[in-house]
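Okay, here's what each chain looks like letter by letter:
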Amino acid sequence: MTPIDASETAEKGKRLMPGLPSVTLTAWQRQQRGLTVSLMALPTAAMIGVFVMPLLVLLWMSFGGGSKTGFSVQGYIDLMQPVYLKLLMFTLQLAFITTMLCALFAYPLAYLMVNVSSRFAAWMGVVLFITLWLSFLARTFAWIIILQRRGIINNFLVGIGVIDSPLELVYNKLGAYIGMVHILLPFMVLTLIPAMKAIDPAYVRAGLSLGASPAKVFRDIYVPLSLPGLVAGSMLVFTLAFGFFITPAILGGGRAPTIVMAIRDQIQQLGNLQLAAATSMVLLVFCLGLLFLYDRLAGIDRIYDKGGK
Amino acid sequence: MKSRFGLSALVALAMSLPIGLHAAEAPTEFKGTGKLVVNNWGGPTVEKMHAAWYGDFPKATGIDVTFTSIPDVAKLKIMSQVGNVEWDVVDFEGAQMLQAMKDDLLEPIDYDLMYKLVPKDQLDPAQMTKYGIGSIAFGTIMAWNTESVGKKGPANWTEFFDKKAFPGRRALYARPKPTLEIMLMADGVAPKDIYPIDIDRAFRALAKFGPSVDLWVEKTSQWDVLIQNKEVDLMGSSLGRTVTQIDKGEPLAINFNQSIMEQSFWTIPKGAPNVKDAQKLVAWMAQAEGERASLKLFPYYSVANKTAYDGLPKELLAKMPGTPEHSANSLTINAQWWLEHDAEVQTRWLSWLSSR
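Protein chains in written order, with this note's numbering: chain R, 1 to 309; chain F, 1001 to 1356.
Misleading hints may appear alongside valid ones.
[Unchecked claim] Lysine-lysine pairs mimicking BS3-like chemistry, simulated, CA-CA at most 25 Å apart: (1) Lys1075/F with Lys68/R; (2) Lys68/R with Lys1130/F; (3) Lys1208/F with Lys86/R; (4) Lys1314/F with Lys1248/F; (5) Lys1151/F with Lys1319/F; (6) Lys1102/F with Lys1116/F; (7) Lys1102/F with Lys1270/F; (8) Lys1219/F with Lys1075/F; (9) Lys1116/F with Lys1276/F; (10) Lys1059/F with Lys1035/F; (11) Lys1163/F with Lys1208/F; (12) Lys1219/F with Lys173/R; (13) Lys1116/F with Lys1059/F; (14) Lys1319/F with Lys1306/F; (15) Lys1208/F with Lys1164/F; (16) Lys86/R with Lys1219/F; (17) Lys1319/F with Lys1248/F; (18) Lys1077/F with Lys68/R; (19) Lys68/R with Lys1102/F; (20) Lys1208/F with Lys173/R; (21) Lys68/R with Lys1270/F; (22) Lys1219/F with Lys1248/F; (23) Lys173/R with Lys1230/F; (24) Lys1163/F with Lys173/R; (25) Lys1248/F with Lys1192/F; (26) Lys1151/F with Lys1230/F; (27) Lys1306/F with Lys1035/F; (28) Lys1314/F with Lys1152/F.
[Claimed, not checked] Pulled from the structure, derived: some chain F residues nowhere near chain R, Cβ distances all over 12 Å: (29) Val1065; (30) Pro1125; (31) Asn1156; (32) Phe1166; (33) Leu1215.
These are computed hints drawn from the structure, not numbers from a lab. Glycine included, every Cβ here is placed at the ideal spot set by N, Cα and C.
Let's have the full structure, built from the sequences with the hints guiding it.
Here you go:
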C-alpha cells in the first residue's frame, strides 16, 4: 500500500489514534484502517442499496424513465395545477398542527415517565409500545367507535344531558387530528425520554440551590437541555404526518384530503407513474427544505451532541 | 381500493353449497402440471369464492391454483418492466383492463379453447372482449335506514338528495366514479343518457348536491361500520356489503332504480409465468356450474355464462341487480369513457374536495 496523502489521513488519524503523527502509516495503522473500511463496507452498501438507489430510480422515473413516452418534464408540468398546491398546503398544515399537538401532549408524558418511579414508568412504556404494535387501521376504526354519532363520547354526553344532539367529532378535520395525534404521540414520547434521561439532575439541583424558582429552573435549564429530544421528535412526527394517508382519509370523511391521496390516485386510478414520481420528488425537496430551515432555527446537530448520551 | 368480499354472513350460505362441481375428468387439452397465481380482490370469504369458481380444477387438470390480492395496473406495469410478472390471472375492473390494454400488458383470451369446454351460445357476448371475459360486477345502490327514514325511501337520486322529504345524514364513495354519474342522475339525466358525461354539468350538480353529503367513504369496508352504528341514514353503498348487513338483520332497505354496475373481467397478463394454463383456468371458470355457485354466494347478477341463472331460487334472483325489472333502469359504468377522462376528472375532483 502506498503512503496516503497526509491531509486526508490527518483528520482520520486524529479520530482513530489521537496524538499520533500520521504522515506515513505504520503496519498497525494500516490494519486499523483496513478494518474500518471493511466494517464500513456493509452499512455503506446498505445505505446505497436501500436508500440512495430507490431515490435515484424515483428521480429517473419522474422524468419519464421507464415509460413509453420517453424522457420529458411532463410530470412536473402537470404538477403546476393549483389543486396540488392546495393539497400540499393542507398537508403541511395537518402535519404542522399534528406535530405541535404531539409535542404539547408528549412533553409532560415523557417528563412524568422520566421522573416517576421506574416501575410506573415501565408500565407507561408498555402501554405506549402496545399502541405502536396495533395496526393503524385498527386504531383508526377504534376511534370511529369512540367518536361517532352514536359513539361512546356522544352517548355519554347525551345520556347525562350535557348536549341535546351528538357532536360532530369524527368524519371531519377534528377527527383526522385526533386520530393522527394519537397514532404519532408514542414516537414523540419515545424520542423525548432519552433526551430527558440524559439531563444531569445535578444541574437542576444546582439551579435550585442557587435560589432560582422551580419554574425558572424548568424554563432556563430543563427545557433547553431537553430540546434535542424535542427537535428530533418533531422531525420524526412531522415527516410521518406528512406522508399519512389512511387515517385522515377515513377519519376525515372526505374533508381532509392530503397530497398523498393525490399520489395514490395518480398510481392506482391513472397509472401515471411519472406524475406520481414527480409529485413525490417535489414533496421530498419540500421536506428537505423544511428540514434545512429547521436546522437553521433549532439546530439538528444538537441531536447528535446531547441526545441519548 | 374496494374489497368486494367482506361478506362474512355469506360464509354460512357458502357452507350450504355443494362444492366439488366438476367431478368429471378434464379433457386432455386441459391437463397440465404447473401452478397458477390468481390475483383478485381478497377478503374474508375469498376461499369459498375460489372454491366455487374453480371447483375441482386442480384435481381434474393437475394444475395447482393459489391466489393473491389486489389487482393493480401500476404494479403489473412495473412487474412487466422488470420482466417479473407474478400473476397468471387477474380480476380487473373494466377501466383497469382498458388501462392495462393501453400499456399492452394483456394476453388475448383463447376463446377457441374455451369453446371446447363451454358451448359458445351459453356465453354472453356483451361480456366477451379480446383481452378479458366477464368475472363479476360490482354494484352501487341507494340504501336507507328504515327506522330513521321510513319504509318508503327515495325512488331515485334526485329524491335521495331531497333533505325535506328525507331528513338525515348521507354518505357516498369519496371517488369521482360513480359519484359523477350519481350527480348527473340527481340532476335529472336518465341513465341511458349519462355517457358521454358532461363533466361541467356533473361538477355543477356536485356543487349543488355535494354539500348535503355528510360523509365521503374511502374504503368499502367502512360501509359495515357505518351501517352497524347507524352513522348515516341514506347511502349510495356497495350492493354486496349492504345486502349482507340486511341479512344480518340491520334495518335497511335498498332500491335498484338507477343502480350502478361496474363489470370486472378475468384477464391474463402478458409475460405471465404460465399463460397456457391460465387460459385453461379462465375457460374453466366460464362453466355454468361454477358461476352459478358464485352467484349463490354473491348476488352479482352479471356473470358471463347466461345459463348460470337457470334453476336459481326466486328469492335469490329477487336480490340480484340484473333481473329484467331491476336492470331496466340501471346504469353500467362506461369503462372506455373513464379511461379517456380519468386524469381530467380526478384533478377536478380533488380540487373540489380540497376546497371545502
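Is Lys1075/F within 25 Å of Lys68/R, Cα to Cα? Holds, at roughly 16 Å.
Lys1102/F and Lys1270/F: Cα distance at most 25 Å? holds (13 Å)
For Lys1059/F and Lys1035/F, compute the direct alpha-carbon distance and say whether it is at most 25 Å. Distance ~12 Å between Lys1059/F and Lys1035/F Cα, so the pair holds.
Pair hint outcome, Lys1208/F versus Lys1164/F [Cα-Cα no greater than 25 Å]: Answer holds: Lys1208/F to Lys1164/F is near 15 Å, not above 25 Å.
Do the alpha carbons of Lys86/R and Lys1219/F lie within 25 Å of each other, as the hint requires? holds (24 Å)
Is Lys1248/F close enough to Lys1192/F, meaning Cα to Cα at most 25 Å? With Cα atoms ~34 Å apart, Lys1248/F and Lys1192/F exceed 25 Å; violated.
Would the pair Lys1163/F and Lys173/R pass a check requiring their Cα atoms to be no farther apart than 25 Å? holds (24 Å)
Restraint status (C-alpha distance of Lys1219/F to Lys1248/F at most 25 Å): holds (21 Å)
Tell me if the straight-line CA distance from Lys1306/F to Lys1035/F falls inside 25 Å. violated (29 Å)
For Lys1314/F and Lys1248/F, compute the direct alpha-carbon distance and say whether it is at most 25 Å. Measuring from Cα to Cα gives roughly 20 Å; hence the hint holds.
Measure nothing beyond the straight line between the CA atoms of Lys1208/F and Lys86/R; if it is 25 Å or shorter, mark the hint as holding. It holds: about 22 Å lies between the C-alpha atoms, which stays within 25 Å.
No chain R beta carbon within 12 Å of Val1065/F's: holds (26 Å)
Hints 6, 25, 27 and 33, counting from the list given before, are not met by this structure.
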